[in-house]
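Read top to bottom, the protein sequences are chains X and F. The opening position of the first sequence corresponds to residue 0 in numbering that gives the first Met the number 0, with each subsequent residue numbered one higher. The opening position of the second sequence corresponds to residue 0 in numbering that gives the first Met the number 0, with each subsequent residue numbered one higher.
One or more hints might be untrue.
Below 25 Å or equal to it, Euclidean Cα-Cα: the simulated SDA-like pairs (lysine to any residue) are [what the hints assert, rightly or not]:
(1) F:Lys214 x X:Gly123
(2) F:Lys214 x X:Lys256
(3) F:Lys214 x F:Ser145
(4) F:Lys214 x X:Leu275
(5) X:Lys256 x F:Asn139
(6) X:Lys256 x X:Leu268
(7) F:Lys214 x F:Leu143
(8) F:Lys214 x F:Arg197
(9) X:Lys256 x F:Asp242
(10) X:Lys256 x F:Gly144
(11) F:Lys214 x X:Gly89
(12) F:Lys214 x X:Val90
(13) X:Lys256 x F:Ser140
(14) F:Lys214 x F:Ala112
(15) F:Lys214 x X:Arg277
(16) F:Lys214 x X:Trp276
(17) F:Lys214 x X:Ser116
(18) F:Lys214 x X:Leu86
(19) F:Lys214 x X:Ser128
(20) X:Lys256 x X:Ser116
(21) X:Lys256 x X:Ser128
(22) X:Lys256 x F:Ser145
(23) X:Lys256 x F:Phe97
(24) F:Lys214 x F:Ser199
(25) X:Lys256 x F:Leu136
(26) F:Lys214 x X:Pro278
(27) X:Lys256 x F:Pro141
(28) F:Lys214 x X:Arg88
(29) F:Lys214 x X:Leu271
(30) X:Lys256 x X:Ile10
(31) F:Lys214 x F:Tyr182
(32) F:Lys214 x F:Gly192
(33) X:Lys256 x F:Gly146
(34) X:Lys256 x F:Ser147
(35) X:Lys256 x F:Val132
In case anyone wonders, no lab produced these hints; they're calculated from the structure.
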Amino acid sequence: MAVIDPIVQGILLGGLYALFATGLSMIFGVMRLVNLAHGDLSILAAFLALVTVRVTGLNPLLSLALVVPAMFCLGFLLQRGVLNFTLGRGVLPPVLATFGFSIIIQNLLLEAFSADSQRLNPGGIETASIALGDRLAIGWFPLITFVVAVLVLVGLQIFVSRTSLGRAFRATSDDQDAAELMGINNRSLYGLAMAISLGIVAVAGVFLGIRTTFVPSSGPDRLLFAFEAVIIGGLGSLWGTLAGGVILGVAQTIGAKLSPGWGVLTGHLVFLAVLLWRPTGLFAGAMKRSR
Amino acid sequence: MTPPAFAVARSTLASRIGAVVGAVLLVALATLPLWGNASLMRMLIEFISLLVLAQMWNLLAGYAGLVSIGQQAYVGLGGYALIVLADDVGLNPFVSVFLAGLVAAAFSIPTAALVFRFRGGYFAVGTWAVAEVYRLLIANSPRLGSGSGRTLAAVFPLARETREVLTYWLALVIAVGAILHGYLHLRSRFGLGLTAIRDSEPASESLGINVFRTKLWVYVIASFGGGMTGALIYLNLLRISPDAAFTVNWTAFMIFIAVIGGIGTIEGPIVGTVVFFLLREFLADYGSWYLILLGLIAVVVVIRYPQGLWGLIADRWDVRFFPVQRRVRLGSRPVG
Chain X
0 MAVIDPIVQG ILLGGLYALF ATGLSMIFGV MRLVNLAHGD LSILAAFLAL
50 VTVRVTGLNP LLSLALVVPA MFCLGFLLQR GVLNFTLGRG VLPPVLATFG
100 FSIIIQNLLL EAFSADSQRL NPGGIETASI ALGDRLAIGW FPLITFVVAV
150 LVLVGLQIFV SRTSLGRAFR ATSDDQDAAE LMGINNRSLY GLAMAISLGI
200 VAVAGVFLGI RTTFVPSSGP DRLLFAFEAV IIGGLGSLWG TLAGGVILGV
250 AQTIGAKLSP GWGVLTGHLV FLAVLLWRPT GLFAGAMKRS R
Chain F
0 MTPPAFAVAR STLASRIGAV VGAVLLVALA TLPLWGNASL MRMLIEFISL
50 LVLAQMWNLL AGYAGLVSIG QQAYVGLGGY ALIVLADDVG LNPFVSVFLA
100 GLVAAAFSIP TAALVFRFRG GYFAVGTWAV AEVYRLLIAN SPRLGSGSGR
150 TLAAVFPLAR ETREVLTYWL ALVIAVGAIL HGYLHLRSRF GLGLTAIRDS
200 EPASESLGIN VFRTKLWVYV IASFGGGMTG ALIYLNLLRI SPDAAFTVNW
250 TAFMIFIAVI GGIGTIEGPI VGTVVFFLLR EFLADYGSWY LILLGLIAVV
300 VVIRYPQGLW GLIADRWDVR FFPVQRRVRL GSRPVG
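Looking at chain F on its own, in the form it has when it is part of the complex:
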């Protein structure tokens, strides 16, 4: 009797090739300030911001089933936290970007105490209402510039080129951190529990997963990511106002990117962000038509292709650059 011949594979050919390509791409991106120009860097900062936001929303809705329409709350809170920490407290503005994430995470806990009372669609509207509360509270605070907002003054002493390059590198660190964190987190014991919740909440609860704690943790992480990204966005823009920082359009972007790319995968939001940028560039001369078109595509995708663009690609050719699943391969010797 030979032992059953199988192996549990956790990596794929695509993931090994992808790791090499990713490393090359990362080196290219990291050295971009040497060979690229400022407008390319600005575009990449924006690309990264939207990608991280979509990744966070994907974690919330795609895995934890928390369909939030209020993630703009954390973009706004992060942006304002940056201004307060850098200008009023006097901390280093680049360090403040990370701290702004922590501030957003701190706000997310009392928020969760309120919105976690809702389920499903009502959770969506509830988070939206709380985001409006934050917007209105800030719009009524003269110290925070009321309705007209404030300008980030802490970076004025820096030369423009220095500021742009540092902001760009910071963005790159955040992007790599967000993707690696998502990848490693989902491969961990926690991620296994989270994936189980995605597939069936009652079943995972019956197997001993603490659904509430897992969801709360995901909500706090997503708020941290949202806050940090919000701070990054306003470190790049330098000017913040309540209406722009707390607009529901942030969440619309996150949703359209994640849905079109494919919810519940790490690759999906990356594909979605590319689609988003392509559409916006092509329709740059037509006002908000790109948003209308994105909305229509998202509605069609939700109904006809719920696995999104990446899901279609992954199913067709069986490629996974970020494999989080364990696969049993029969007919080979046990490994490890």
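Next up, chain X with everything else stripped away, as it sits in the complex:
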């Protein structure tokens, strides 16, 4: 049981990482943009939930009803107002602009909320668990997180493969110019893609804030974990991303079990090993069309 426990916890943690990774991966797929502020935007969402809870007294899970639309709008405005102007001009502008936002968001949060660690309290569910035998227990909240992650992935899969808007996403992803010629307005499509990405990462940020404490500088780690999940799973593969998140989560929990300081490090090392062994990711070839 001592071995099974960290694996089970790691798998559930992987669901949260997949939730972080999905938006990052989708944005890259649609517009070839790597959003370096992705992690910081998720932490921004967690702080938005914190403020909502303080002002309205709502449960943090219910605050999602406000935080997700807010982040959705922010994503649209950010893309239409700023990031669209960085596209199509080489590698530098999008990377530098999103990195700039990463630093700006981190320091704004630091000025507004100080470096104190914060936590969202949903009123008991975060500690409730289901006992499976005398040594193994599954927390309700990690389980809910995992299920939500799977539902989000299924929803995104259906959206991308079954709706006409999703078809436009795939078309732009395959060939921007051809899509434009077919009457797709790339710029507003990008705005929508960023809005969806931030809507999803808002859920991830709030779940993170319930699961553990967070500080204004928690963002970069989230970006790195999301990135690693995407690369381990293979670019452009939604289910690969879930698998990548799970592998990363299991590596981290097993590493932490071996030595407390080695959790995150083990995750990074597994990522580097995958990169050396299979640079295209573990599941890229097998599930290419499921984008």
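Assemble chain F onto chain X, guided by the hints.
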């Protein structure tokens, strides 16, 4: 028939005036310990550190198209290499600063083997992840002081004034070396290839430039410079910890300085470092607002003025203190 009347000019009026002004400035700076004070020297050491770091990042991103967000790895590795070489091995701490650069360069080669698998934005995140690996490895090494870090003890026998003056002169040597190296390197055959890569990678590859080798070389040089500067920073600060040495803020400083000053020029990072210091001094009482403001300016510059402040100045008045380009002047006799 007279031969076509033209000459290839490689220097400009500004560069000749600049050389004279630069020499005077260098003499003034070198003799600063005689007429200046310790706080001015400390500030200049910091100025030089940031300038060299920005120059290295400029070389990486501005010329080789390697947009790294992980250069803090080399600042940290250089800093720790200094502590190990000076305290544990027992070498001279000032010599160890150069050796620390070599240590960082040695680490950069296996790192490149990993991160060069990525392109563009993913290269940025990949380098960041590797920098985190180095930070966590050191934070988990009791010999290197784990999370709380170590103090540089090798310089304790020296009198404080002696240490400060020597550190300052070392910084000056590094600054002059970095700028001259960048200037001469970019004017060389190698620099021509590098500039071609900056302008178009496929075109330069088709003309026979080995893009991969050129980029790798730039990455190793930038890591050497980063490591040496990291060692200089911690020779000045004396106290190192993994979180401070490997913070991504180092790379944020490099990027903001290079972007605001102007990417792809030697003058740009110098202008950018001045702007950085002015902003930080003016906003010294307002916490991290200077970083927020720098970030905003950088985003605006990236989108509206991609050539940066120096680019605006150079285009407006056509001044170049470090001309790396060759210009054809028609209507004059061939020279040379």
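Against the structure, the hints:
{"no.": "1", "hint": "F:Lys214 x X:Gly123", "verdict": "violated (54 Å)"}
{"no.": "2", "hint": "F:Lys214 x X:Lys256", "verdict": "violated (40 Å)"}
{"no.": "3", "hint": "F:Lys214 x F:Ser145", "verdict": "violated (34 Å)"}
{"no.": "4", "hint": "F:Lys214 x X:Leu275", "verdict": "holds (20 Å)"}
{"no.": "5", "hint": "X:Lys256 x F:Asn139", "verdict": "holds (15 Å)"}
{"no.": "6", "hint": "X:Lys256 x X:Leu268", "verdict": "holds (15 Å)"}
{"no.": "7", "hint": "F:Lys214 x F:Leu143", "verdict": "violated (32 Å)"}
{"no.": "8", "hint": "F:Lys214 x F:Arg197", "verdict": "holds (10 Å)"}
{"no.": "9", "hint": "X:Lys256 x F:Asp242", "verdict": "holds (23 Å)"}
{"no.": "10", "hint": "X:Lys256 x F:Gly144", "verdict": "holds (22 Å)"}
{"no.": "11", "hint": "F:Lys214 x X:Gly89", "verdict": "holds (17 Å)"}
{"no.": "12", "hint": "F:Lys214 x X:Val90", "verdict": "holds (15 Å)"}
{"no.": "13", "hint": "X:Lys256 x F:Ser140", "verdict": "holds (18 Å)"}
{"no.": "14", "hint": "F:Lys214 x F:Ala112", "verdict": "holds (12 Å)"}
{"no.": "15", "hint": "F:Lys214 x X:Arg277", "verdict": "holds (23 Å)"}
{"no.": "16", "hint": "F:Lys214 x X:Trp276", "verdict": "holds (23 Å)"}
{"no.": "17", "hint": "F:Lys214 x X:Ser116", "verdict": "violated (41 Å)"}
{"no.": "18", "hint": "F:Lys214 x X:Leu86", "verdict": "holds (24 Å)"}
{"no.": "19", "hint": "F:Lys214 x X:Ser128", "verdict": "violated (53 Å)"}
{"no.": "20", "hint": "X:Lys256 x X:Ser116", "verdict": "holds (24 Å)"}
{"no.": "21", "hint": "X:Lys256 x X:Ser128", "verdict": "holds (20 Å)"}
{"no.": "22", "hint": "X:Lys256 x F:Ser145", "verdict": "holds (19 Å)"}
{"no.": "23", "hint": "X:Lys256 x F:Phe97", "verdict": "violated (40 Å)"}
{"no.": "24", "hint": "F:Lys214 x F:Ser199", "verdict": "holds (13 Å)"}
{"no.": "25", "hint": "X:Lys256 x F:Leu136", "verdict": "holds (17 Å)"}
{"no.": "26", "hint": "F:Lys214 x X:Pro278", "verdict": "holds (20 Å)"}
{"no.": "27", "hint": "X:Lys256 x F:Pro141", "verdict": "holds (19 Å)"}
{"no.": "28", "hint": "F:Lys214 x X:Arg88", "verdict": "holds (20 Å)"}
{"no.": "29", "hint": "F:Lys214 x X:Leu271", "verdict": "holds (21 Å)"}
{"no.": "30", "hint": "X:Lys256 x X:Ile10", "verdict": "holds (14 Å)"}
{"no.": "31", "hint": "F:Lys214 x F:Tyr182", "verdict": "holds (17 Å)"}
{"no.": "32", "hint": "F:Lys214 x F:Gly192", "verdict": "holds (10 Å)"}
{"no.": "33", "hint": "X:Lys256 x F:Gly146", "verdict": "holds (19 Å)"}
{"no.": "34", "hint": "X:Lys256 x F:Ser147", "verdict": "holds (22 Å)"}
{"no.": "35", "hint": "X:Lys256 x F:Val132", "verdict": "holds (18 Å)"}
Violated hints, in rising order: 1, 2, 3, 7, 17, 19, 23; the structure is consistent with all others.
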